[in-house]
Amino acid sequence: MNKRILNSQFAVYKNWPSWLLLLFACFMVYLFFFVGLTLGGVGIVLVSSVLYKFSSYTFFEFINLFNNIYGELGIFSFSAFLLLIWVKFVEKRPFSELGFSTKFKRTLWSLIKGWSIGFILFSISVITAYILGGLDFHSYDVSKATIFYVVTLLPFWLIQSGTEELLTRGWLLPLINHRFHLAVAIGVSSTLFGILHLVNAHVTFLSIVSIICSGVLMSLYMIKSGNIWSVAALHGAWNFSQGNLYGITVSG
-10 MNKRILNSQF AVYKNWPSWL LLLFACFMVY LFFFVGLTLG GVGIVLVSSV LYKFSSYTFF
50 EFINLFNNIY GELGIFSFSA FLLLIWVKFV EKRPFSELGF STKFKRTLWS LIKGWSIGFI
110 LFSISVITAY ILGGLDFHSY DVSKATIFYV VTLLPFWLIQ SGTEELLTRG WLLPLINHRF
170 HLAVAIGVSS TLFGILHLVN AHVTFLSIVS IICSGVLMSL YMIKSGNIWS VAALHGAWNF
230 SQGNLYGITV SG
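Just so we're aligned, residue -10 is where the sequence shown starts under our numbering, counting upward by one.
No lab work stands behind these hints, which were simulated from the structure alone. A virtual CB, placed ideally from N, CA and C, is assigned to each residue, including glycine. Be careful, since some hints might not be right.
[Stated by the list, open to error] Pair ranges (Cβ atoms, derived): (1) R(-7) / H127: 42 to 48 Å; (2) D125 / L12: 43 to 49 Å; (3) I116 / R95: 29 to 35 Å; (4) V34 / L195: 32 to 38 Å; (5) K133 / G236: 14 to 20 Å; (6) P6 / S128: 55 to 61 Å; (7) L9 / A118: 41 to 47 Å; (8) S132 / F23: 35 to 41 Å; (9) E61 / K133: 21 to 27 Å; (10) I237 / F194: 15 to 21 Å; (11) K77 / F194: 34 to 40 Å; (12) L121 / S38: 47 to 53 Å; (13) K77 / F126: 47 to 53 Å.
Model the full structure from these sequences, guided by the hints.
As structure tokens, this is what we get:
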């Protein structure tokens, strides 16, 4: 395993008791996540309130232009931005310790490899469920409009999934590992990853357990790859394939 991403230094917390740091880290994940989403929503309303004056739409009609999956996925970038500010100005750490690589070829390969693995894994799950009678095939649509819609969603799924990975795997996991055993870091970060999805529609106990287990898998993959791009792409491909290729309600 490539454990380079686990060697992050957290000097700002060196005098903190381990139990307090654990609670603080878990709390901050939720703070970054929900405050970021709130700021994103407020930002859309504020921008809309200005731009709608130059359009033929009413205010609420203009806001509804953003009330779609592009807006729902795009506002996750606000949560990522809050975390990056914290790491840069409070922890005073380089972004490379979050798993970012500045080498273009390596980043591109990580994205392609992660996306391919995510697509293959979910496709295997769908095929297995179909063979066992758990899924039914209804119809498909390959019109130009649908293809354009699906393709343009790719970067937005990467933003949404990448933000969740950045919070739970890029920041939280190495921080907990800094004071505790790696197994504890993987377990806590994966559990919080599952709890973040309690707000999802139609959530069940089984779906949360499934998300937690997938979180363990993604943690191991991130550690093996040594960067955040690969696991963000895997996660993004899973959600993209689930919702936009196979038409199944996205759970995480």
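Structure-based check of all given hints:
1. R(-7) / H127: 42 to 48 Å: For R(-7) and H127 the Cβ distance comes to about 46 Å; the hint holds.
2. D125 / L12: 43 to 49 Å: 45 Å, holds
3. I116 / R95: 29 to 35 Å: At roughly 32 Å between Cβ atoms, R95 and I116 fall inside 29 to 35 Å, so the hint holds.
4. V34 / L195: 32 to 38 Å: Distance hint for V34, L195 holds at roughly 36 Å.
5. K133 / G236: 14 to 20 Å: The hint (14 to 20 Å, Cβ to Cβ) holds, given that K133 and G236 are roughly 18 Å apart.
6. P6 / S128: 55 to 61 Å: 58 Å, holds
7. L9 / A118: 41 to 47 Å: 44 Å, holds
8. S132 / F23: 35 to 41 Å: 37 Å, holds
9. E61 / K133: 21 to 27 Å: 24 Å, holds
10. I237 / F194: 15 to 21 Å: About 19 Å separates the Cβ atoms of I237 and F194, which means 15 to 21 Å holds.
11. K77 / F194: 34 to 40 Å: 38 Å, holds
12. L121 / S38: 47 to 53 Å: Holds: the Cβ-Cβ distance is about 51 Å, inside 47 to 53 Å.
13. K77 / F126: 47 to 53 Å: 48 Å, holds
Hint violations for this structure: none, all hints satisfied.
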